[in-house]
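Asker: Please work from the sequences and hints to get the whole structure.
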Amino acid sequence: MTQYLMAVHGSDDDYAQITAEQMQEMFEATDRFNQQLRADGVWVFAGGLETVASASVVDGSGEAPVVTDGPYLETKEHIGGFWIIDVPDHDTALKYAAAGSKACQGKVEVRPFQAE
Amino acid sequence: MSQDARAAVERIFRDEYGRLIASLVRRFGDIDLAEDAAGEALVTALEKWPADGVPPNPGAWLTTTAGNRAIDRIRREKLRDGKHQAAVMIADDTPHAPTGVIEDDRLRLIFTCCHPALAPEARIALTLRLLGGLTVAEIASAFLVQETTMAQRITRAKAKIKGANIPYRVPENEDLPSRVGAVLAVVLLIFNEGYLSSGDGDPIRAELTGEAIRLARIVHQLLPTDLEATGLLALLLLTEARRTARVRGGELVPLEEQDRGGWDRALIAEGHDLVRACLAANRPGRYQILAAVNAVHTDAPTAAATDWSQVVALYDQLARIDPSPIVALNRAVAVAELDGPEVALAIVERLPLDGYHAWHATRAELLRRLGRSADAREQYDAALAVCDNQAERAYLLRKRGQLAG
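Order-wise, the sequence lines are chains A and B.
All residue numbers for the first sequence refer to the working numbering, where the first residue is 1 and numbers rise by one.
All residue numbers for the second sequence refer to the working numbering, where the first residue is 1 and numbers rise by one.
These are calculated hints, taken from the structure and not from any lab test.
No experiment lies behind these values; they were computed from the predicted model shown.
Backbone N, C-alpha and C define an ideal beta-carbon position, used for all residues, glycine too.
A couple of the hints might just be wrong.
[Claimed, not checked] Below, computed lysine to any residue pairings styled on SDA-like, alpha-carbon distance capped at 20 Å:
1) A:Lys95 to B:Arg6
2) B:Lys158 to A:Thr92
3) B:Lys78 to B:Glu40
4) A:Lys95 to B:Ala119
5) A:Lys95 to B:Lys160
6) B:Lys162 to B:Glu121
7) A:Lys76 to A:Lys95
[Stated by the list, open to error] Simulated restraints, written as ranges between beta carbons of each label pair:
8) B:Val43 to A:Lys95: 20 to 30 Å
9) A:Pro65 to B:Gly181: 45 to 55 Å
10) B:Gly355 to A:Pro88: 23 to 33 Å
11) A:Arg111 to B:Leu46: 38 to 48 Å
12) B:Arg260 to A:Met1: 55 to 65 Å
13) B:Thr149 to A:Pro88: 32 to 42 Å
14) B:Glu349 to A:Lys102: 38 to 48 Å
15) B:Thr149 to A:Thr68: 29 to 39 Å
16) B:Ala119 to A:Ala115: 46 to 56 Å
17) A:Lys102 to B:Gly181: 16 to 26 Å
18) B:Glu378 to A:Thr68: 33 to 43 Å
Answerer: Below is the structure:
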């Protein structure tokens, strides 16, 4: 079994175009997907993130920590949430990613965790 | 050791390579280990076979020898860094991963090499390396990149297979059609690179077209009910059949000027049989239709006797599956023979293919036939500016030189 991060990417522009009704549908679909992950026994952890406006970056590699406002990468698309699943292989992870992407209407990046 | 003996051992090894690697990957679950063990088995074979003779079943001998080398290597690793991997590998009592619809190691390896999570150029390189047994240097020179670049590409692809835990198996039934498509696309790309080579080297690379046909045969043999796999093999055979007639004196010879006596009749007969099998099943797909087009061409005793209405009808069928401008361009070439260059030019000029050499070359040819020399010259120049196959360049230069005024 391998653990995979499934990170949901999206831009604020995309989200701005979604109606409240559609948003509600997405939440419900995502909730059903989460239940499916639990029922399949592959669920490790999942969470949605607040908007990038809430992000801070701390650089403690120098003498004194430097805190900056905003996300680490100034890009149009940001991570909106993520799942961690534990599945037998990459193909299985891709299948869950496809279902998760459909549920939350965002692109999903699939990356394995480093082996111990 | 004599050169002959060495060459003979290497030929057997090359023939057995894909099967050998595939069975080692299945057994040990590690591509690098499989390659190292196969290399060590080759060294042993080169020492023993010229003296003792080639064993009755060289494939089995190589598999056994390489398997023993792999186990030795795992044991050494274990002593060196204390991993418990060896114990697990040698006394592996867990069943192998489910193998999907067909149990063949090579088929699984092809699907792993052509996995959609790998970059397309990595799929080609990995397929040639692991299934074809080509060296990294050979693959690099075939695709005109530095050996170090190709080595990195292959290393990265193998690392991704390992790190992302890309499974070594034939996809499930539901995924099979789309995944077979990726495999067939890789085989066709390998063939095309051989058939219309870019760069300053030979215009045709027979070792690449031969390798692609070998891979197409394996896929067809392993998936005999997949009509597109059948169609692709037929397409490659019927194209390869014309290879030697296609270049004369370093210059490309277009279909209508080729010496049909120089075509390979055995390949044509085999290709036609496969096309007939596809037609009988009546579930046409892209490769089957392209094979059928080539069957029409290879059926005609002379260029003038070509059944162009049949070719146009086949391209109409293909355009319904794939409405791309490139299909429309190929259809227009047949339309020119059926309805004249004017009708064809009207179609061609609408296509958004600026900068695509075949588009400019086709326009040039149609304009030449219509007597519009100045316009034709402009299109020959545009084609030459983007064409990097030496034989085709020579052909285009001659045609441009023949224009009146």
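Asker: Next step is simple, just say for each hint if it's right about the structure.
Answerer: Right, here's what the structure says about each hint:
Only pairs whose Cα atoms come within 20 Å are accepted, and Lys95 (chain A) paired with Arg6 (chain B) is rejected, the gap being roughly 48 Å. For the proposed pair Lys158 (chain B) and Thr92 (chain A), the alpha carbon gap of about 19 Å is at most 20 Å, so the pair holds. A threshold of 20 Å between alpha carbons decides the hint, and for Lys78 (chain B) with Glu40 (chain B) the separation of about 19 Å falls inside it, so the pair holds. Taking the CA atoms of Lys95 (chain A) and Ala119 (chain B), the gap is about 19 Å. The hint holds against a cut of 20 Å.
Between Lys95 (chain A) and Lys160 (chain B) the alpha-carbon distance is near 18 Å, which keeps this suggested pair within the 20 Å criterion. A C-alpha spacing of about 18 Å is found between Lys162 (chain B) and Glu121 (chain B), which places the hinted pair at or below 20 Å, so the restraint holds. For the hint pairing Lys76 (chain A) with Lys95 (chain A), the CA-to-CA distance comes to about 26 Å; that exceeds 20 Å, so the pair is violated. The hinted window of 20 to 30 Å between Val43 (chain B) and Lys95 (chain A) is violated, with their beta carbons roughly 42 Å apart.
Judged by the Cβ atoms, the range 45 to 55 Å given for Pro65 (chain A) and Gly181 (chain B) holds: they are separated by roughly 52 Å. Checking the proposed 23 to 33 Å range against Gly355 (chain B) and Pro88 (chain A) shows it is violated: the Cβ atoms sit about 46 Å from each other. Between Arg111 (chain A) and Leu46 (chain B) the beta carbons are some 42 Å apart, a value that agrees with the proposed interval 38 to 48 Å. At roughly 60 Å, the beta-carbon separation of Arg260 (chain B) and Met1 (chain A) lies within the given 55 to 65 Å, and the hint holds.
Take Thr149 (chain B) and Pro88 (chain A): their Cβ atoms lie about 33 Å apart, and the range 32 to 42 Å holds. At about 42 Å, the CB distance of Glu349 (chain B) to Lys102 (chain A) agrees with the hint of 38 to 48 Å. Taking 29 to 39 Å as the suggested C-beta distance range, the pair Thr149 (chain B) and Thr68 (chain A) conforms, at roughly 37 Å. Separation of Ala119 (chain B) from Ala115 (chain A) is about 22 Å and departs from the stated range, judged on CB atoms against 46 to 56 Å.
A hinted range of 16 to 26 Å holds for the C-beta pair Lys102 (chain A) and Gly181 (chain B), which are about 22 Å apart. With their beta carbons about 56 Å apart, Glu378 (chain B) and Thr68 (chain A) fall outside the hinted range of 33 to 43 Å.
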